[in-house]
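Asks: Work out the full structure, taking the sequences as your base and the hints as a guide.
There are 2 protein chains.
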Amino acid sequence: MTVTNSEQRYEIVKGLIDQGEWDALSGVLEKLPTIEIVEILEKVDEDHMVTVFSLFSKKEKAQIFGELSHDLQYFIFNTLDKRSFSKVFEDMRSDERADFYQRLEVDEQSALLPYINKKVRSNVIELSGYEADSAGGIMTTDFATVRNWMTVREAVDKIKVDSPGKKMIYYAYVVDNEKVLLGFVTLKDLIIADLQDKIEDLIHVDFVAADVHEDRENVAKMIEKYNLLALPIINSDRKLVGIVRHDDAMDVIVAEQTEDMERLMGIQPNAEEDEDESYLDLPVVKHFKKRVIWLVSLAIMGMISGLILHHFEEALDKMVILALYMPMLADTGGNAGSQAATVVIRALSLGEVTTKDWAKITFKEVRISMLLSICLSAIAYIKVSLLSFDTVLPDGLSLAYVAFIICLALAIQVVTSSLIGAGLPLIVRKFGGDPAVVASPAITTIVDVTGLLIYFSLATTFLLH
Amino acid sequence: MTVTNSEQRYEIVKGLIDQGEWDALSGVLEKLPTIEIVEILEKVDEDHMVTVFSLFSKKEKAQIFGELSHDLQYFIFNTLDKRSFSKVFEDMRSDERADFYQRLEVDEQSALLPYINKKVRSNVIELSGYEADSAGGIMTTDFATVRNWMTVREAVDKIKVDSPGKKMIYYAYVVDNEKVLLGFVTLKDLIIADLQDKIEDLIHVDFVAADVHEDRENVAKMIEKYNLLALPIINSDRKLVGIVRHDDAMDVIVAEQTEDMERLMGIQPNAEEDEDESYLDLPVVKHFKKRVIWLVSLAIMGMISGLILHHFEEALDKMVILALYMPMLADTGGNAGSQAATVVIRALSLGEVTTKDWAKITFKEVRISMLLSICLSAIAYIKVSLLSFDTVLPDGLSLAYVAFIICLALAIQVVTSSLIGAGLPLIVRKFGGDPAVVASPAITTIVDVTGLLIYFSLATTFLLH
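For the protein sequence lines, the chains are U and W, in the order given.
Note that UniProt numbering has the first sequence beginning at 1, numbered continuously upward.
Note that UniProt numbering has the second sequence beginning at 1, numbered continuously upward.
Calculated from the structure, these hints are not laboratory results.
Since this is a predicted model, take the numbers as computed values, not measurements.
Hints may contain errors.
One copy or any two copies: either way a pair holds, since identical chains are not told apart in the list.
[As the list claims (entries may be wrong)] In the DSSO-like style, the derived pairs of lysine-lysine whose C-alpha atoms are separated by at most 30 Å in a straight line are: (1) K43 x K31; (2) K31 x K14; (3) K43 x K430; (4) K160 x K198; (5) K360 x K286; (6) K119 x K160; (7) K82 x K31; (8) K14 x K221; (9) K160 x K43; (10) K221 x K31; (11) K158 x K198; (12) K179 x K221; (13) K31 x K198; (14) K239 x K43.
Replies: Put into C-alpha cells, the structure is as follows:
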C-alpha cells in the first residue's frame, strides 16, 4: 500500500543498503513499483547500485533498466559482461530496447549484437530504422494478435501463450494471414463474451490507426482525442507493425509541451539525443547553445531599434522627457504582444482555432487590446503627471499636452503589438511552420521597432517643430 | 476503418443531413467514434443538431452528450423535455454527469432532480460536493469491484453483471465488506488465470492510491509516473470512493500546461467555470480580464524604473548616447532572465529539480550566463562602434572607452538577470507557491530596474565626473 510517501520508503531502503542487509532489502524491493526502484537506483552510489540491481530477476532487471536514465543505463551496460547484459536486453520492452540501442556507439552496437538472439536482433534493427520523432520511433512491437476465425476460447489461449512478457494487452488486434489489420477486440469483450463466441462477431472494425511514418505529436494527439489505451501503427500495406501506448503518448505530449514553452521564450529545444536529459544533467555548454542563438539574433535585430534611435537622437536631445518614457512603451508593447502570441499559439496547438479563423482572431484582439489601451493609457497619464511635474519643457508645451501624446503613442502601441503578437503565429502556421517558433523575445524586439516609430512619429509631429 | 481523415467523413455526413437522408445517416453515424460524432454536432446548425442527436440510442446519447461543449449541452438540456433528458442524464459517465450538473443554475438543478432516479441523484449530489480541482472533482464512480474470497469465475460473472454500462474496467478493485480497498486485479490477470483460481491468489496488494481531496495535478502526475490506466481514490477511512482514469489525467496535464504557459506570460488562467472554453468562445471582456491584471501591475511597478530614470535625467541630458543603448540593456536582460526562469520553472514542474538544488542551479546559471555575456558584449561593442562612430562625446572620453563601459554593464546585467530569473521561481516554490506565477513580464520589469541601476552606476562612476 503506497499511499504514504515514497521518501519514507527510500529512507528504509537506504538504511538496509548501508547495513548490507541484502536479503531484507530484496524482500522490501520486490513490493515496490518499478518507478520507485528506479528512483532508488538513481540516488544510491554506483557500487551499491550494481549490487542492488543484481538482486532482481532477469525480467525485473529488464523492466527497471528500461526506465533508468541514460547515464545509469550506460554504466550498467559497461559494468556487466556482454552475455549477462544480453539476457536483460532481450527481455526489455521493444521500444525501450531500440531507444537504448540507438544511443550506443557503432562499435558498442556491434559488440553487443552477437550475443542477442536472432529474433530480438532483427526487431532491434527494424525499430532503430525509424525516425525518432515518428510513430515508428516510439511504437512497441509487444502486442497480442488474434484471428477472425478463432473462438473466444482459442483467442484467450493464444493471448495466454503470447502475453506473459507483454505488459500491455488490453486490446488484442485481429489480423489476417498477411498481418493486415482487420480490427480489434478488447479484453473486456473477451471476458464478457461466452467462450464459444467467435472473434468475428466481437471484432470492432471501425478503428483508428496511424501510419508508421506519422509525426509522433499527431499520434499522441490521436490517442488523446479518441481516449485510446493504444493506437495501432500500420505500414503502407496496412499491415500491423506496432502499437503506441497511452503512457508513451503522455510522455510525448509533455515533451512537446516543454519544447513549445522553451521556443516561446527563445530557447532551442534539446537536440534529439538529449531529449530526456534533465536541467541539471545537461552540460553548461549545451544550455548555452540552447539560449545563445536567439539572444544573439535578437541583439543583431536590435540594431534596427538602435538605428531608429540614432536617427531621432536630436529629438531626444531637445526633449529628454521622451527618453524617460521610452522603456515604458517598449515594455508594455512587448508584454501585450507576448500575451496575444501565447494565447494564439496555445489555441492553435490545442486545435481550438486554425489559420482560417484569422479574421475572427483579429477582430477579437482589436477589441481586447482597445480595452487594455484605455486602462494602460490612464495609468501612463498619471505616471507622467507625477514623475515629470518639475520637468522644464520647451516653450508653448504644457505637461498635460506632452502626457497626452505619450499616452496616445502607448495606446496605439498596445493595439499594434497585440495584432503583431496574434498575427505572427498564424502567418508561420500558414506557411507550414511551428507557430511556437514565434518566440516572445522576437515579438519584444519587433514591437520595439514599431513602438519607437509610433512614438517618434507622434513626437516629431505634435511636440517638436 | 478511419485511417483516412475525418474531414472527408464530415463532408459525407453533411451531404446526408442536407438531403434529409436520416436512415442512411444513421447507418453512417453508428460506425463513427463518439468524438467524431461530437465534432459533427458541433459543426451543424442547431435545428439539425437536435435531429441528428435524436437518431442515437439512449446509451449513445449519454456518451455523446458527455463530450459536447457546454453551450451545446445547455442547448440540448433546454430543448428536450425534462423526462427525456433525465434518461440521457442517468446513463452518463458519473464524472461528466456531475460536471454538467454543477454548471446548471440552482433552479435548473432542482427542476431536473425530481426526474432522476434515487441512486443517480445521490451519486450526482455526492460528486458535486468535491472541489473541481481535487481528485473527487475529476473521479468517476464507474468502476468494478470484486471480493477476495471469489474465484476467477465468480469475479468474471460479477464484472459481467456490473460492467455493461461501464466503459473502463481494465482493473477490478478488491474491497472488503466495508468497501475498504485491499488491492486490485487486472483483466489480464483474470484472462490468464484458471477459472477456479482465487482472487486472493491474484490480488496485487502493493498499489498506489490517492486521497479524495488530493490536488488533481498531483493525481495526474501519479498516473503518469506509475503508468496507470486508472488510479483508485480513497477517503480517510481508506474506502474506495472512485477512480481517476488515464484519459482524464491527460486532460488535466494539458489544462495545467496551458495554465503554466499563460502564467509565464502574465496571463491569468481561465476561471474555473470557463476552464474548457476555447479562445474564440471566451468573451472579449474575460480575455481582457485575464490580461489586464499583470499589465496594470507591471505598469505600476514600472514607475520604479521611471523614478530611477528621472533621477538620472541629468546624466542622460549630458550624454544622450546613454539613452540610445538603454533599450538594448533592458531587452537583453529581460530575455536572458525569462529564459532562465522558463527552464527552471519547467524543471521544477517536471520534478527534475527541487528547491534543495538551489546551489547547483545557481552555479549552473552563473556559468551559462557568463558564456552568454561574452558573446553578447562582443556584439554590443560592434554595435556601439558602428552606430555611434560620429557621436560627439564630452572631453577626454573616447568612443572605445564608452563602448567598453556599456558592454561591461551589459555583461553584468545578463548575469544578474539570469540569476534573478532562475532564483525567483525557486523562492516562490520554497514558500509554497506555484513557480509559474513568476511571469516573464514580471522578470522583465524587475531586471529593468536592476539594469538601469547597473548602467547608471557604471556610467556615473566612469563616464561622468
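Asks: None of the hints should be skipped; say for each whether it holds.
Replies: Hint-by-hint comparison with the structure:
In this assembly of identical chains, the alpha carbons of K43 and K31 lie at most 30 Å apart only when taken from the same copy (19 Å versus 51 Å across copies). Proximity of K31 to K14 under the C-alpha cut-off of 30 Å is restricted to the intra-copy arrangement: shortest distance 15 Å within a copy versus 55 Å between copies. Taking the closest pair of Cα atoms, K43 and K430 come within 30 Å of each other only across two copies (22 Å); inside a single copy the shortest separation is 47 Å, beyond that limit. Taking the closest pair of Cα atoms, K160 and K198 come within 30 Å of each other both inside a single copy (17 Å) and across two copies (18 Å).
For the identical chains of this complex, K360 and K286 are inter-copy neighbours only, at 16 Å across copies versus 41 Å inside a copy, given an alpha-carbon limit of 30 Å. For a Cα distance limit of 30 Å, the shortest separation of K119 from K160 inside one copy, 20 Å, qualifies, whereas the shortest one across copies, 39 Å, does not. Taking the closest pair of Cα atoms, K82 and K31 come within 30 Å of each other only inside a single copy of the chain (29 Å); across copies the shortest separation is 51 Å, beyond that limit. Taking identical chains as interchangeable, the C-alpha atoms of K14 and K221 lie at most 30 Å apart only when they sit on different chains, with a minimum of 25 Å there against 40 Å within one chain.
When the C-alpha separation of K160 and K43 is checked against a cutoff of 30 Å, the pair qualifies neither within a copy, at 37 Å, nor between copies, at 45 Å. Taking the closest pair of Cα atoms, K221 and K31 come within 30 Å of each other only across two copies (21 Å); inside a single copy the shortest separation is 34 Å, beyond that limit. In the homo-oligomer, the alpha carbons of K158 and K198 lie at most 30 Å apart both inside one protomer (14 Å) and across protomers (22 Å), since each shortest distance falls under that limit. Proximity of K179 to K221 under the C-alpha cut-off of 30 Å is restricted to the intra-copy arrangement: shortest distance 26 Å within a copy versus 37 Å between copies.
Within a single copy, K31 and K198 get their C-alpha atoms only as close as 39 Å, which misses the 30 Å cut-off; across copies the closest is 20 Å, which meets it. Within a single copy, K239 and K43 get their C-alpha atoms no closer than 43 Å, and across copies no closer than 34 Å, so neither meets the 30 Å cut-off.
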